[in-house]
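Q: Chain A is fixed; fit chains B, C and D onto it per the hints.
Protein chains: 4
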Amino acid sequence: MTHNIAILGASGYTGAELIRLIAGHSSMQIKALGANSKAGQRLADVFPHLRHLDLPDLVLIEDIDFADIDLCFCALPHKTSQEVIAKLPKALKIVDLSADFRLRDPEEYAKWYGNKHAALEQQEEAVYGLTEFYREEIAKARLVAGTGCNAATGQFALRPLIEKGVIDLDEIIMDLKCAVSGAGRSLKENLLHAELSEGYHAYSIGGTHRHLGEFDQEFSAIAGRPVKVQFTPHLVPANRGILATIYVKGDAQVIHETLKNAYESEPFIVVLPQGEAPSTRHIRGSNFCHIGVVADRIEGRAIVIAALDNLTKGSSGQALQNANLMLGLDETDGLMAVPLFP
Amino acid sequence: MTHNIAILGASGYTGAELIRLIAGHSSMQIKALGANSKAGQRLADVFPHLRHLDLPDLVLIEDIDFADIDLCFCALPHKTSQEVIAKLPKALKIVDLSADFRLRDPEEYAKWYGNKHAALEQQEEAVYGLTEFYREEIAKARLVAGTGCNAATGQFALRPLIEKGVIDLDEIIMDLKCAVSGAGRSLKENLLHAELSEGYHAYSIGGTHRHLGEFDQEFSAIAGRPVKVQFTPHLVPANRGILATIYVKGDAQVIHETLKNAYESEPFIVVLPQGEAPSTRHIRGSNFCHIGVVADRIEGRAIVIAALDNLTKGSSGQALQNANLMLGLDETDGLMAVPLFP
Amino acid sequence: MTHNIAILGASGYTGAELIRLIAGHSSMQIKALGANSKAGQRLADVFPHLRHLDLPDLVLIEDIDFADIDLCFCALPHKTSQEVIAKLPKALKIVDLSADFRLRDPEEYAKWYGNKHAALEQQEEAVYGLTEFYREEIAKARLVAGTGCNAATGQFALRPLIEKGVIDLDEIIMDLKCAVSGAGRSLKENLLHAELSEGYHAYSIGGTHRHLGEFDQEFSAIAGRPVKVQFTPHLVPANRGILATIYVKGDAQVIHETLKNAYESEPFIVVLPQGEAPSTRHIRGSNFCHIGVVADRIEGRAIVIAALDNLTKGSSGQALQNANLMLGLDETDGLMAVPLFP
Amino acid sequence: MTHNIAILGASGYTGAELIRLIAGHSSMQIKALGANSKAGQRLADVFPHLRHLDLPDLVLIEDIDFADIDLCFCALPHKTSQEVIAKLPKALKIVDLSADFRLRDPEEYAKWYGNKHAALEQQEEAVYGLTEFYREEIAKARLVAGTGCNAATGQFALRPLIEKGVIDLDEIIMDLKCAVSGAGRSLKENLLHAELSEGYHAYSIGGTHRHLGEFDQEFSAIAGRPVKVQFTPHLVPANRGILATIYVKGDAQVIHETLKNAYESEPFIVVLPQGEAPSTRHIRGSNFCHIGVVADRIEGRAIVIAALDNLTKGSSGQALQNANLMLGLDETDGLMAVPLFP
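Here the protein sequences line up with chains A, B, C and D, keeping their order.
Using full-length UniProt numbering, read the first sequence as starting at 1 and increasing by one per residue.
Using full-length UniProt numbering, read the second sequence as starting at 1 and increasing by one per residue.
Using full-length UniProt numbering, read the third sequence as starting at 1 and increasing by one per residue.
Using full-length UniProt numbering, read the fourth sequence as starting at 1 and increasing by one per residue.
Take these hints with a grain of salt, some might be off.
For identical chains, the list gives no copy identity; a pair is met inside one copy or between any two copies.
[What the hints assert, rightly or not] Pairs of lysine-lysine residues, derived as PhoX-like cross-links and limited to a Cα-Cα distance of at most 25 angstroms, are as follows:
1) K79 / K38
2) K38 / K188
3) K249 / K228
4) K140 / K87
5) K90 / K79
6) K116 / K249
7) K90 / K31
8) K260 / K116
9) K31 / K93
Simulated from the structure, these hints should not be mistaken for lab results.
One chain only, chain A, in its complex shape:
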């Protein structure tokens, strides 16, 4: 049985990544590609690496007939996404990759994103899309809100530790190194090759990055009390990958065992032997997340390091994993490709 798929926002990087992954899926077929700014163009012109695929041209979202569509991926910018989704058929299964439905409290949304939410009804039914922790809800959901790429990385490393109470909740420092594709295909001076390559810097320093809204929401819910982490992302000259170096207070061995136990039956989360640390180059282009734990020389402190590909496990791979659940398919279908190295 074939499942008909639509992708809105097909001319961006997460859209292209969805197409790449679905091309290897056993039972999904792409029926419509929406991309307002590039409507009318052939996919081969927008993404020449997809030119061998037999796919429909890009169209205006309003020209898509959703009657046939079994599931729709929304890879649109935040704010646009909520406006579009508010108008989609009420019964259509949707996986949203934007930030629009991640925060449950509309006040929090307004605080972090600077505008009132325009699709409160949909927001209420949305399920947070961090697959490994919301599997059952996702399987039954109509609308799933994909986790932010940084937020996913940090949560994979920390959720089991917070849940089991093995680290000090008031002393969590996350130093992230992020590749440039996380910023999307937008025309900004600081994303030019000449500006970005050969250098690196921190941004959204001091607790201003929007993914903190997700950390606050999720970590506080798990802990049953407010948890605020420190989080500083850095932009690094590479195209794919997030490396989260997390400084915690707790016993390294206990931390390692806690993570090992939490993920032992997960297909995509790999906990490395204690003392080993991951690299983004070893998960590149794949849906895997590698996590390592190392004890610090200072007693009672540990470093937890997680690596994933922001475009795959951090967004489009995660989205496909969720879609598989929503359609009752094997969760790993289309997602087992080996990382590309070198």
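A: Using the frame of chain A, we list chains B, C and D on its own:
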């Protein structure tokens, strides 16, 4: 039915690429991984990006039991390869990725590689592995010699043109831009990141690159008279990809049509619309080869540009394609993954 | 004695490069920085790497008082440049880095740039700024038109060979590999890091690149008859550098001697020993141009390879060299910095 | 007056960087280049970017006549350095760039470097070379031990804060991002372009990096009690630059003012306006260190970020700055070159 596979030279880049591709194959199973210098190590230690795969540890080649093996890939350095293959079981199907069995004339081999050939018997039965042009011979072969990555790129662009006589055979200039993984995982000063990144240069200038032996052999055979091309490779700061910019004398439209016709039913060779040109970023990590033809402002001259991934279509992908033929399988099995972009 | 300098277009890469070089000049002082789109900003905000310099803020060009200025660099986009220069004081010494005054024939200008020239009077007095070949004219000029970066690279390799008649004028093929800063600081999708890094491609293929106008003008003038070269530039993932690989028919040794003789007293043009070839990494950030000559295996053919930094010798360094001549200073003042490697 | 200089270890990156900087010095002249493994070679063959300089060939260290030499830079690997320096003339002024004379306590040296010190006499007289904090001692020293590149970066950010007691001494976490040239020109698999580019990872995790010896020594001395910091370096795909992101407990404004006051008359240390953060791309190739301070959203916490070029301010630039002091010259001579961007 499952086909049992051995890979010799599993700790190099082409070995790792074979493992990556075979992981997505529907009916191959890796039974043995030979890698003399790293024998005894787990694959996860040598290539952490492969750590989720359930594969045997690396072993000495002499410790492999070939009784069970249906096909063996040799991803060893040239010279070593011929010595190893000379001792393998006489009936074992072999795809060799080295340069050792590409040249039919032992004199030519000695001229380009500087040593006498040590496995003349095997050399005699070897079939040249440029799949699209030796398909029938490969299907029946016991030993297939994989084409060199540069040699493959140039031949995809030129063979149909030489065969149909649509270009001047004495005025062919190939300017290649090659990524660094083509040089392998060897410890050389000029392959260090600090030496290589942020700069580019020509090497083996003036007709000294060994892949010229293949060009001479193949082009002369097609033309029925000696053909000597000019060929200058350049090392470019990227990990994967070969871009061949080829300057020829002939009519661009005729050239384009000739290539279009030659490759119209090929699954991996894509001839772009006339006037368009390929980029290595659009075939990265895939088995595709993109070819473009553009007319020059000087009448009677054209530029033919071909792009492929040296590790995939240029070596390990090509090798798997040949193995599929040798085992009577679908030629594209394991090879349809979409290029990774960005 | 201090020479007062103005730079128009100070917020682009060639503007920043001028500031960098002039900071090391013994007798120039920057008095005004014009940058219309970023007027009002401090230089430290636009180019943080220049923050330690004590320099004026960016201002509107029309707000600059040129009474005090001894020499003005125009690092504006072409077309804008001619409009601005037409209104500058008639006696002001100007070095223009744009394409606007390079072509002597207004028809040729219109053909390559698509618009009628708007400053014909100034165009008539402009001197072509390839220092090593127009030294005397430049020393006396009021307005010097900087050579294009690709055009400079090709001319350094070829002018002496055309002048001395040691190569076949109808068989010159230039394959250039260009770094990304040559495209400037403009917001274009194909200049994003995620689009550009890890891949390379040809552009302006088939004789459509505008720098061909300069080649045609200069080479034909030297030869005394029309000379048309083939020229294909490629974009390579690095920030600085042009490598020109030039295929010619002629005797390699004669070619090498001709270049050696032509440049033996030049401070910035280095002809390598015969058989050696340059790399862009060895001239990065400097005003040097390295040239190598290698014989091909095909008798009567040679490869000439030239490397320079597009932002230095290819534009801003060349401009400062010309300014030194125009002000009667030591030609090398501010330009002797050693290349940055690694 | 000209000062005669010898450089030992001239075939490594810090050796080449010394040559680059000294080429722009007003009164130093290089008289000898020692490089045992490449003795007999011309500098142009080992470092083609230095080919225009008129310099002596590389020689064996034992063949250098030190009678004429005013000051000797030792850019040798640690352990080799102490053996060589033990045999140099007792009165020769020496700036050592290795780790051999940084730690005052021989026990600490043995602990971090794994061998007994072989030049205890010299170690006793060595002055720690962090110019801004040991200026007077350096001016009078015979032997100066250059600070480690990571150790310098962390100390520039933290020394004034520890001295003034404005941060919690038990809660300092340093997350460093280091470029690859810091690892030198050695042939290691993990330094190959294909291994390193497009990915990033932490190394020496948990307090095992040798530069911790310097932090412990210096910070404890300033504080008058033991201070142990957490320090995790990361390898990032770029050639030059260290970015230290340091998490501290203290008031951001007080921290900023403390740094501002400490460095207000320093020529190379630039404290950015509060809330701004540095990037390695803005100090690349220069002797500058940029420091920024940002308050965290969590009250009482701040992030201090420092950036410098590991080859310049982190080693060879610092070494030249010290040599200037030792010879009674202007401290900034040869060191004012503007960073290279892009």
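Q: Hint by hint, say whether it matches the structure.
A: Each hint, compared with the structure:
1. K79 / K38: Within one copy only: 19 angstroms inside a chain, 29 angstroms across chains, cut-off 25 angstroms.
2. K38 / K188: both (19 angstroms within a copy, 15 angstroms between copies)
3. K249 / K228: Close inside one copy (15 angstroms) and across copies (15 angstroms); limit 25 angstroms.
4. K140 / K87: Answer is within: at 21 angstroms inside a copy they meet the 25 angstroms cutoff, but 59 angstroms across does not.
5. K90 / K79: within (19 angstroms within a copy, 54 angstroms between copies)
6. K116 / K249: Intra 38 angstroms, inter 35 angstroms, cutoff 25 angstroms: neither.
7. K90 / K31: within (19 angstroms within a copy, 51 angstroms between copies)
8. K260 / K116: For K260 and K116, the Cα distance exceeds 25 angstroms both inside one copy (41 angstroms) and across copies (41 angstroms).
9. K31 / K93: within (15 angstroms within a copy, 43 angstroms between copies)
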